[in-house]
Amino acid sequence: MALTQTPMQAEKAQTIFEKSKAGRRAAALPDAGVPEKPLAELIPEKLLRAEPPRLPEISEPEIIRHYNRLSRRNFDLDTGFYPLGSCTMKHNPRLNERVAALPGHARLHPAQDPRRAQGALELMWLLQESLSEICGLPHVSLQPSAGSHGELAGLLLTRAYHADRGEERTKVLAPDTSHGTNPASVTMSGYEVVKVATNERGGVEMDDLRAKLAENADEVACLMLTNPNTLGVFDENIAEIASLIHEAGGPLYYDGANLNAVMGHSRPGDMGFDIVHVNLHKSFSQPHGGGGPGAGPIAVSDRIEPYLPRPQVVRREGSNGHGPSFDLDFERPRSIGRLRGFQGNFGVFVRSYAYILSLGGDGLVEASETAVLNANYLKARLAEGRAGKHLPIAFDRHCMHEFVLSGKPMKRDLGLATLDLAKRLLDYGFHPPTVYFPLLVDEALMVEPTETEAKETLDAFADAVEQILAEAEDNPDLAKNAPYTTPVRRLDEVKATRKPVVRQQLQ
Amino acid sequence: MALTQTPMQAEKAQTIFEKSKAGRRAAALPDAGVPEKPLAELIPEKLLRAEPPRLPEISEPEIIRHYNRLSRRNFDLDTGFYPLGSCTMKHNPRLNERVAALPGHARLHPAQDPRRAQGALELMWLLQESLSEICGLPHVSLQPSAGSHGELAGLLLTRAYHADRGEERTKVLAPDTSHGTNPASVTMSGYEVVKVATNERGGVEMDDLRAKLAENADEVACLMLTNPNTLGVFDENIAEIASLIHEAGGPLYYDGANLNAVMGHSRPGDMGFDIVHVNLHKSFSQPHGGGGPGAGPIAVSDRIEPYLPRPQVVRREGSNGHGPSFDLDFERPRSIGRLRGFQGNFGVFVRSYAYILSLGGDGLVEASETAVLNANYLKARLAEGRAGKHLPIAFDRHCMHEFVLSGKPMKRDLGLATLDLAKRLLDYGFHPPTVYFPLLVDEALMVEPTETEAKETLDAFADAVEQILAEAEDNPDLAKNAPYTTPVRRLDEVKATRKPVVRQQLQ
Amino acid sequence: MTRYTAATPDDRREMLDAIGVGSAAELFEQIPEPLRLGRPLALPDGMSEAEVYERLAALAERNADAEEQVCFVGAGMYDHYVPAIVDAITSRSEFLTPYTPYQPEISQGGLQVMFEFQTAMSELTGLPVSNAGLYEGPSALASAGYLAIGATKRRRFVVSRGVHPHSRETLATYSVGYEAEVVEVGLEGGVTDAAALAEAVDGDTAAVFLQSPNFLGAVEDVEALGAAAKEHGALLIVACDPMTLGILKPPGECGADIALGEGQPLGNRLDFGGPSFGFFCASEEQIRRMPGRIAGETEDVDGRRGFVLALQTREQHIRREKATNNICTAQALNALGAMVHLAWLGRHGFRELGELLVRRTAYARERLAAVSGVELLHTAPVAREFAVRLEAPVGAVLDRCAERGIAAGYPLGRDYPEFEDGLLVAITERRTKEQIDELAEALDAAIAAERGAVDGHGGFVNQEDAKAPIGGGAA
Amino acid sequence: MTRYTAATPDDRREMLDAIGVGSAAELFEQIPEPLRLGRPLALPDGMSEAEVYERLAALAERNADAEEQVCFVGAGMYDHYVPAIVDAITSRSEFLTPYTPYQPEISQGGLQVMFEFQTAMSELTGLPVSNAGLYEGPSALASAGYLAIGATKRRRFVVSRGVHPHSRETLATYSVGYEAEVVEVGLEGGVTDAAALAEAVDGDTAAVFLQSPNFLGAVEDVEALGAAAKEHGALLIVACDPMTLGILKPPGECGADIALGEGQPLGNRLDFGGPSFGFFCASEEQIRRMPGRIAGETEDVDGRRGFVLALQTREQHIRREKATNNICTAQALNALGAMVHLAWLGRHGFRELGELLVRRTAYARERLAAVSGVELLHTAPVAREFAVRLEAPVGAVLDRCAERGIAAGYPLGRDYPEFEDGLLVAITERRTKEQIDELAEALDAAIAAERGAVDGHGGFVNQEDAKAPIGGGAA
Ligand SMILES: Cc1ncc(COP(=O)(O)O)c(C=O)c1O
Ligand SMILES: Cc1ncc(COP(=O)(O)O)c(C=O)c1O
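Residue numbers (my numbering), protein chains in the order written: chain A, 2 to 508; chain B, 2 to 508; chain C, 693 to 1167; chain D, 693 to 1167.
Derived by calculation from the structure, the hints in this document are not laboratory data. Just to be clear, a hint being listed does not mean it is correct.
[What the hints assert, rightly or not] Once the Cα atoms are required to be at most 20 Å apart in a straight line, the calculated SDA-like pairs of lysine to any residue come out as: (1) K496/B x R997/D; (2) K496/A x Q795/C; (3) K1014/C x F438/A; (4) K1125/C x E37/A; (5) K13/B x R997/D; (6) K1125/C x G34/A; (7) K1014/C x I979/C; (8) K13/B x A461/A; (9) K1014/D x L440/B; (10) K409/B x F438/B; (11) K38/B x A1061/D; (12) K390/B x A465/B; (13) K481/A x E991/C; (14) K481/B x R996/D; (15) K500/B x T1005/D; (16) K13/B x G995/D; (17) K845/D x E193/B; (18) K213/B x A243/B; (19) K1014/D x T171/B; (20) K1125/D x R996/C; (21) K496/A x R996/C; (22) K22/A x G81/B; (23) K1014/D x I979/D; (24) K196/A x A215/A; (25) K496/B x K845/D; (26) K922/D x A892/D; (27) K500/B x I979/D.
[Unchecked claim] Label pairs and their calculated CB-CB ranges: (28) D460/B x S715/D: 17 to 25 Å; (29) E1126/D x A23/B: 31 to 39 Å; (30) R317/B x R1096/C: 27 to 35 Å.
Note that the Cβ used here is the ideal one computed from N, Cα and C, for glycine as well.
Produce the entire structure from the sequences given, and follow the hints as far as they go.
What follows is the structure, given as structure tokens:
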């Protein structure tokens, strides 16, 4: 019997709403145990809902089957290699899940009196101290919920800093390689982005930087930089950049998405940065969850500290023979205020702190070293053979933890777009690299293997790329119509945006 | 591109030993923190091992990938319908896993002083009481580790009972439909099996029973029976059977594998049974784990009680205003002794007790009722169309929780063996029924849907059977060469037994 | 301590050779020497897994969690029972470890979950469009402000004082960036002062923000209050507690343009405040201004049904500085937890749970009001939380209750200086009648003891006592 | 209370119609009326998930587990740290919920795990054949007796008193069924009395059973002791602690025909005694007499490598009364846990862990021997557990230690009346030097207090005191 499609392809997607049948249910609820007054006696009729929302009616065994089956329609880090550039898809230790689930963490109410949440506050304080040491900056707020939230926090801190000095500035400099969240955050915080060009080494074009500073004299609020940047290279001019920005009166913002390259090797604070966000879901092993949760703590210099969000976790020295205690400090008059409810994504802090404890200082140093080693090795492997010919490295130098290839020659010579290569990789069982980013590089492929991958895996990936290119020399349509083996094949994304169907219609 | 095999088929099976690479590791161990004396100073060299066992050398991320990927090569209950007769593949509630994992259960040492394990002992006592009520017998031992262990226990109890009365008996009666563990247990306990025939209603052939009793006068130690039996029918003559055996001086043993049919409807004790085992991994929702763990508690009548295994969980009335307390009673002079270490598969007890608490008395009654309803419905569906023609029911009457079809006409008319049908069902995404059991029925298919399946699922299964038979009318080879879509296709079982390779060879 | 890596010394050697360098250190030479750390990190040495576990367990031990104390604290996050099936599903690697579904062909699991979640939240709120989730409640509310500015080109927000203080504060923080003005409208009898609200809204107003049930637990008449917004062309933005939407009229039927809120009550544990998720629903009109990911239905080349990230042109990775929001990593796993919880509750279970909350809350409110030294802070209708005033220092009473193993509620003083004597008490299905009775007894005893302390010690005045005397009479 | 079922009233109606009966009750009419229960079960009503959780958590709360007490109890089950990856893998539905792999095409996951497990256990024990696991340790030992009878056609067992008392008792229980005689051989200086053993073994002996380390923690010279078995053609059956097999000479190299034991230390939690698993390895000769499942490697019709249940002709479902054992459902999931734990430890980690145990145990033994009122019960070499004698009633000392949060060990009195004053102390990698020091202090204080109690109260004699005076001198 010839296979026409895989078993998963043969299975028609059905939502849980479509599996609903009137009268089914999973949950049993406790009896109220109190007088069963009619609802309308307790709440005026006009405020009440007439019909319950049309949630699914379904039994528990059907629910678990539905979501388990659905889960297998995902590719995940525990299935295979996931070299998604800029995302640091490193191993997610299950120890971290275990400690986060301890009732003392998981069932702790965020409004518990600090005197009865000393363990949680101490943990947060210890994490702050650890991040402070890693970033080389003395103060940390754990409040931001992800990288982009940290960026917004940083920019609002920058505003507060300037305002406190009686200044109003309007421009934020950012290289053309910056991540999309950077300019988006700039606009949300009331600033305007001024793009700075990239030089032939992949770093900031110093002349352009000087020119933009001159053009926008007294208007530059700060510079946002990722270092190593999204090309995976370390900007050697960072010291000079920092002094230029500082001279212009602006703080320097460090997008910490790439911190995994430099932990214990080089510290943003030492590079001259004033504000740093850290993506705990990248360098510090919080699982990505298919799009969160994460956390984006910020570390700042002394001059930024007064403006940090409220509340701040503080350690108070003990007296009368009592040990130190921990508290939430709300009395921060110059604070920019809250960025969210309560104290931040505490569950993420537990996981990341467990990770830091597991590796220790040396382990973090080694993690970064191995991340850089793996990236350079894979880069070397992809500089060989067909990949070397069709997919040249965008900036030919040692990379840090990731590197960017250009699919331009591949497109020109073989007719394959980067997207086609990416889709064909799916058939080979790999998650493709980040594609079409950074924008600067034509047909970009951004590859970040991370330190937790074995050499064999890197080799297998390089071999797959080689083989796809070889196939394409014979028959480019193979990749152009890929993938073939995934649960669904190429999807019509245009339709989904033109005539968006964003919920199930129910009768 | 034409598919030649599925992605899973394309993946060559590799063991974790084959993924090992010298120098890799996952675990970090704590420092000893004590003097690091050479081992040979502590244990004589001649008792020491020269080379460590060749366990895999592998990193943690590789381990989780290996086993996660491997897991997907299993079909499981949370993936789809699993009507494996005699196995009661009912839903496994995750609540039960949660409560079993509470540290008060999971990290409780089995030798903890009973005064410091009162919660565990009370739970065991409560489970004993519950099973006693369900079985209609006053005493329960939780010790046996599974059904077959319960059988052995029951037969040793029978021996002890007779021995205590100064009798030595040598034969155990069992119907020809009995499960393989029954005769195996009989032999292990030093008895000999005497087979009893089955009548045209699927029950015990009374004349044969009388004959066997007569033939083996004074030699019959007991009768082992499953009721409803492995044909899925209730033996209406059970009261008469019981009195015949009792008259012959033997206790009656109830194989409780099919208890799921009658919970709260009819009780083995009331039917006249003296010893019952209960498979907690069947009726009481302990997950099967790919072949265990389970537990096989036994419930017994007063006359068997003195011989129950040691220790026994007991409840002691409190005095001086203290509440009752629970203890392990070792002082059981007529006990058959231990059947295993410690107190039994406690983690299983927690799950099953949680299940009983969740459903409550009425819930158990309804569970059995729905199990019987589902079975009879599926039986009715399979009596229609091609299935009705090619796969007749072995004993045409209402069934209890399961029923047995015969593939004999299918084999004769279409050339398909029951095995072929089973294998083709795999391509349709179903686990096949139990096949070739009971032995009495030619080309048997034993179907047990359980109460936790939805009608739609039963319909889909009936439709699949119909479709497979329709296909076979055109092209019997389709099923004969099935499956096509599973991770591997039909395997050479003969080779595996002729020249067994039961471990990886390592260099 | 090496952990989670696979490179053996041999591997390193081979890899360095392939790269063409002698050591990994060479690769770091692109970092100018003065910027290299040149010393070990001042962090403890790595630890074995068992040691890390012990360390973290010891910290956790020092928190009074809801397993240890009976928790009547709410204030936006609630001690609901999260069914075990939620953990079973969210802990699967296939959901736990992937990134945002940028490659839809191998992300149908996550994408379909988003689509289902959107459907569920749309059903709950009565609005046709939902995104796949935001960070959490207060920042979702602040993001709605950004949308309102984009939609109305106005920069003035009118906010009820019944909106969660964290939301109001977050909105204020963000509004500095938005260069928007925030005007607050007070409460009367526990609910938003309708007259003051009507007064505050004008033609420059971008949005009116309400919350129902509001922070004091009172169910607002959103429809009536919203009229002022409609009149002036401002958006009506309503924060709500999803657990009440089985029984309360959904914001979409009350004229809301946007309904949003903290998602924690649905399938997410307390976690000392996070991670949870924010939900965000809107009218059809706003679909291209929505923040965050949205999954949409489509087809593959063979005509199979499938799901993708829709409307990505709103988002930062495409639109950059013109994006409708900067959010990237959000809270997908938490939204999955919510979806599983909702499916588990089901249509009728969800409503019944709402009814249960209302009835137990009514009982608790009555029971507590009968305690000497306790009176209701307002008598507006409530769903699952209510506010009382205590005739004794709130902090001291809470400490006494804590000693009895009860977290009695949320003290209102910090957020509402006008209610320095106020306590907010929350009910979930985990809080039994017996526990409510126990709370009443504990409060009774604590208040009596505090009064005794004051009386008994004559001049002794507790810190929190230095406040205005309590209004109405008490036993 | 309906739970976990899906049949709605409509479904029921349709199904009954299809069956052709009016009610489900009709289906139960095949049960003769007098045998129908005719009343509700006398069990509590069903409860909601949250209520069941609370009920079970309240019971669990009343156990002093190893999270609460520092656990020095061993006696066959040990408080090792089970790495989180074990739970992550064993909790996957795909491993948790299937039945025994009767359909190999869709069970390759479970079958390959069995094959890997067999390889690992074979490596550990030094014997070429392993099964996929049995219930647990003692019943595995009793099953070995059945094999020995089959292999030798003899019915006499010689058992060292160093074998776990539960194993000896289980063997005795089974031997009634086997109609076999069990002869016990005593200990000398903590180890099996070699002369007595040699004496006890004869030409009728089916098997000699040893354990190393034995129940008192002593490492036996299996090779030397086993000579008697070899001489008389009896099988040598050795029970062992898998955690010591990284450092101790494997039974297979000591002449054992069968090596077996309790698998709990590998990847299985304490669980108050189960479920865990028993392992069972043997020489090539015994392969067709093995109890339990065995996975074997083979190929599919296309030549793909695959695994199946091999040698099923040994088993009850094929061979029935002639089966080599009656076992059916075993402990597959627990064996998976062990395999993951072993892979996680890895070749070197496994050995290092063994070394760690030996060193910490040596330290503990020395430290405790220095305590006044404690002396060593024997001085034979030990690996991870050792026995001491106390100069005070053991039960009372244990109670005092328990009050300090320490479970100090296993009292030997019940199993070894000759060691009424004996205490067995076990060490795992979770027991730190600090905890060992604390144990020493606790024992010191407890013994001193007990002596004081006796002295102080003159004639007062504790129940356990009424025993033979302790041998050697003490401080
Ligand atoms: C370079 C860079 N900056 C910022 C971000 C945004 O971080 P988050 O997704 O945590 O908001 C990312 C995430 O991909 C990134 O790669
Ligand atoms: C009828 C019957 N009896 C006994 C058993 C043996 O039970 P266990 O597998 O728990 O040993 C089974 C298991 O399949 C069975 O179906």
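**Hint check against the structure, violated hint numbers in rising order** = 20 and 25
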